[in-house]
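Chemist: For chain A, the structure is supplied; the task is to place chain B on it using the hints.
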Amino acid sequence: MLIFDETGRAWPLGKEIAAGGEGKVYRLLDSTEYCAKLYHKLPIPALKQDKLRALRSLPASARQSAAIPVSLGFATSGDPAPHSVILPLVKGHDIYELYNPQGRQAHFRGATFEFLVAAAKNVAAAFHSLHEHGIIVGDVNEQNIKVRTDATVSIIDCDSFQFEHAGRLYTSDVGTPLWTPPELQGLSVHGLARTKNHDAFGLAQLVFLLLFAGRYPYAGRPLTNTPLSPEEAIQRHAFAYATAGSAPLLGPPPGAPPFESIPPKLRELFIQAFAAGSAGPVERPGAGAWIEALQDLADNLTLCPGSHFHVHWTGAPSCPWCSVMRAVKVDLFPGIAGRVEENNIGTQENSVLAKRLLDLTLHPLELVEPSTFAVTSFIANRPTQKSQPSFRSAAKQFLVSVATLFTNRPAGESQPSVLSAAMQLLGFSVTKETRGNALTKELEKLEERLFQFSNRSEELNLAHRAQCSPLLQKASDLAARLRDIPAMREEALKQLRVKHMEAAMDKFLERFLIRRIKIPGIGEARLAALLSAGITTAADVREEAVKNVAWFGAATAAKLLEWRRQCEAQFKFDASAPLPDPLRSRINELVRTNLAALVAKGKSIEFEFNQLTAAYSKDFGKLQQEFESAIKERAAVQAELSKKS
Amino acid sequence: MIEQTPFHSKITLASNPEPRCPCVLVLDTSGSMGGEPIQQLNDGVQCLVDELCKDGLASKRVELSIITFGSSVNLACDFTPPTAMHPPVFDAEGPTPMGEAVVRAHAAIESRKEEYRQAGIQYYRPWIFLITDGEPTDSNSEHWSKAIQMVREGEAAKRLLFFGVAVNNANQKTLDQLCPATRPSVKLQGLHFSEMFRWLSSSLKSVSNSTPGAQLQLPSPHGWTSIDA
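Read top to bottom, the protein sequences are chains A and B. Per this note's numbering, the first sequence starts with residue 1, numbered consecutively. Per this note's numbering, the second sequence starts with residue 1001, numbered consecutively.
Any given hint could turn out to be false.
Okay, derived cross-link-like pairs now, DSSO-like style, lysine-lysine, Cα gap no bigger than 30 Å in a straight line [said to hold, decoys possible]:
no.: 1; chain 1: A; residue 1: LYS494; chain 2: B; residue 2: LYS1113
no.: 2; chain 1: A; residue 1: LYS329; chain 2: A; residue 2: LYS603
no.: 3; chain 1: A; residue 1: LYS622; chain 2: A; residue 2: LYS445
no.: 4; chain 1: B; residue 1: LYS1205; chain 2: A; residue 2: LYS91
no.: 5; chain 1: B; residue 1: LYS1205; chain 2: A; residue 2: LYS48
no.: 6; chain 1: B; residue 1: LYS1113; chain 2: A; residue 2: LYS329
no.: 7; chain 1: A; residue 1: LYS507; chain 2: B; residue 2: LYS1054
no.: 8; chain 1: A; residue 1: LYS499; chain 2: B; residue 2: LYS1054
no.: 9; chain 1: A; residue 1: LYS91; chain 2: B; residue 2: LYS1054
no.: 10; chain 1: A; residue 1: LYS445; chain 2: A; residue 2: LYS643
Read the hints as simulated data drawn from the structure, not as lab findings. Computed from a predicted structure; not experimentally measured.
For reference, chain A alone in the conformation it holds in the complex:
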């Protein structure tokens, strides 16, 4: 697609780079300096058109701080109504990627507090220069400010600026709740004339976010039971770091750097900006006050002896970044040290836990004959028992057959069934010799009771096994997954590398402009058809896209595709080059989170297994005691009997 500037020059559009509520921003293929914003709502309302025209007349010195449009854009040459604007392309990242610790690791790796102070000062300088020209930013927010790698900044989305031109006030008409000062919360901003003091709120919040590593001034630990929405907190001036004032609503959140880690002058400015009364009559600090205080901070920075990346104010009671680490175990300025350890994330911890999980086994218990009295003596007293196996060997037989239940192996042919083993163990057969007296009856009852013990111990063991085997299955599955973590990381890296290569290839192919080459069989008309179908570079030449272009036969399409293949052949991809940081940190975060979840699950399985085993041993202990007393009772009856006979 082409767009035409005010001089009639045509610019082919490149990739979409941003999308917002009002429109989409595209690169211009022939330019590294400019981009174009195309509006969704067409025609652009007359007032907006006037505003866009007026924007171009803003002084050049204001352009250093903001991406102010250089030209209107038109769909066709000579069109009276614009559908877009052409504006400077700003390199860099949205400011939230700098103050947010995760974003900083991904996009500004290695940036220290010194860099954040420099960026804060540059933000204040940008506001200062706009305010000097009577321009109000209006919709200050985290997505309207770009920070470059040298900490300089540029404000974008200038069509929402408020300014006066030719005696007419152009208002901003938009806003972002999280960035709206208390006195404007809940009001409609449409047609509202904003002041520098309104901008000063957004500026102060930006400086705060930068100096406090992404913490919001109005986010804190609640001191009352009334939950505050982010907007309510602003409206009620609930500055979480305010020391003075009656009945504070919020206290500093855990893991935020202490308020005392910045100089008193800056603390004073923040209180002036955020605490009650900041709406007037005393105004919030202006850009100039911030510049001065931030310069003073920049001149008084020192390095923590514990880390090369912990830069802080010389007057801080202790290193604020170390105290955050102590409080929440997160290093907000890990610098570039992260690279060394990332290949080993969790390898130690997961292999130890995996081994422990695999080592979890069932230990079925057995009823043991009481050792407090001599078994041999009571067997010796029973001559009729001679043909029976001894108690000890019978017990062994019984336990072996019980054990086979647990090991889940089929019992050997020669092994007697559990039941018959138990009967032998308890000397069941002897009771057949009836003697007709009370003692014998009692003995029979006792034998019957003893017989039940084998069932009861078997039941206990079976129940324990039923409870534990799904857990053990889970444990071994989990151990396998824990051991797979390095492989998972490799797999994810591989996939990302492929994606990365495809993206690099696309970028490479975008450099081959169709207009600049001569392909046999493609004249002016076909070229125009291609361009209007949005096919402007080799990257756009895809089979399905080319087929659909008017006047294109298979032969022409084939020529074009052949050209793309030639371009592709020139592409060299260094497979050994490291992946870009954002991709790496996404993988690392993925691995870490997965690992953390697996470890937590593993530990809870371990815990549950130990709980179950403890409960089982306790139950079995009780059964053992009952068993022992029953055996003792029987021995007593038998002794009585043998006395009589």
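Modeler: Only chain B this time, still in chain A's reference frame:
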């Protein structure tokens, strides 16, 4: 069972102080969802995660949790930032304990909110996004009446945003008992799950970017809702 504690939640709250928008996907994985629908649902959830990851700010603010209801009500995924999310693959089986699932989602939100408060993290109105192709099999239980009460109170106090989506032959009348009167359930056109989740992604993104004084403007659901709904 011993309750598990998500290990990572504290760490991500400390290293990312952005205000959060918690969103629970309450997904019907009962037997009737088997085959094509569950497949599309799986792909759709992955699509949602991918879309959110593409947006630097949304990926720091939105937290997703997934609760499935089928043969049981299951917390398939606790609140996780999209960049660290690996959506589980769902299987379709069992009845439709919808009421219990909503009660569970509500409890999950309450406990996450408490974690935010403890960590001094601000949060936006939480979302519950429910997708079903049937009708609750627990509508005679106290879960169902409790679910209705929770949604009603949460919506009235602006503490909750509830969305009900009906798939195929879902009983929309019953579903509308649960949905707030101002936002009745919508019917998914065919199995356009990916379009629907893309809409959800852009709606979640817009939560923190609305202009003050204007009503919360969600993108038009045209493109995935059915006209005869």
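Chemist: So, for every hint listed, does it hold in this structure?
Modeler: A quick look at each hint next to the structure:
1. Taken as a hint, the LYS494 of chain A and LYS1113 of chain B pair is broken in the structure, with Cα atoms around 37 Å apart against an allowance of 30 Å.
2. Using a Cα cut-off of 30 Å, the hinted pair LYS329 of chain A and LYS603 of chain A holds, with the two alpha carbons roughly 20 Å apart.
3. As the CA atoms of LYS622 of chain A and LYS445 of chain A are separated by approximately 21 Å, the hinted pair is consistent with the 30 Å bound.
4. Annotation: proposed proximity of LYS1205 of chain B to LYS91 of chain A holds, straight-line Cα distance about 23 Å (limit 30 Å).
5. A threshold of 30 Å between alpha carbons decides the hint, and for LYS1205 of chain B with LYS48 of chain A the separation of about 25 Å falls inside it, so the pair holds.
6. The suggested pairing of LYS1113 of chain B with LYS329 of chain A holds, with an alpha-carbon distance near 21 Å, which does not exceed 30 Å.
7. For the given pair, LYS507 of chain A sits about 18 Å from LYS1054 of chain B by alpha-carbon distance, which is consistent with the 30 Å threshold.
8. Note on LYS499 of chain A and LYS1054 of chain B: the hinted pairing holds, with a Cα-Cα distance of about 14 Å set against a maximum of 30 Å.
9. Note on LYS91 of chain A and LYS1054 of chain B: the hinted pairing holds, with a Cα-Cα distance of about 18 Å set against a maximum of 30 Å.
10. A hinted pair counts as satisfied when its Cα atoms are at most 30 Å apart, and LYS445 of chain A with LYS643 of chain A qualifies at roughly 20 Å.
When the structure is compared with the earlier hints, a violation turns up for hint 1 alone.
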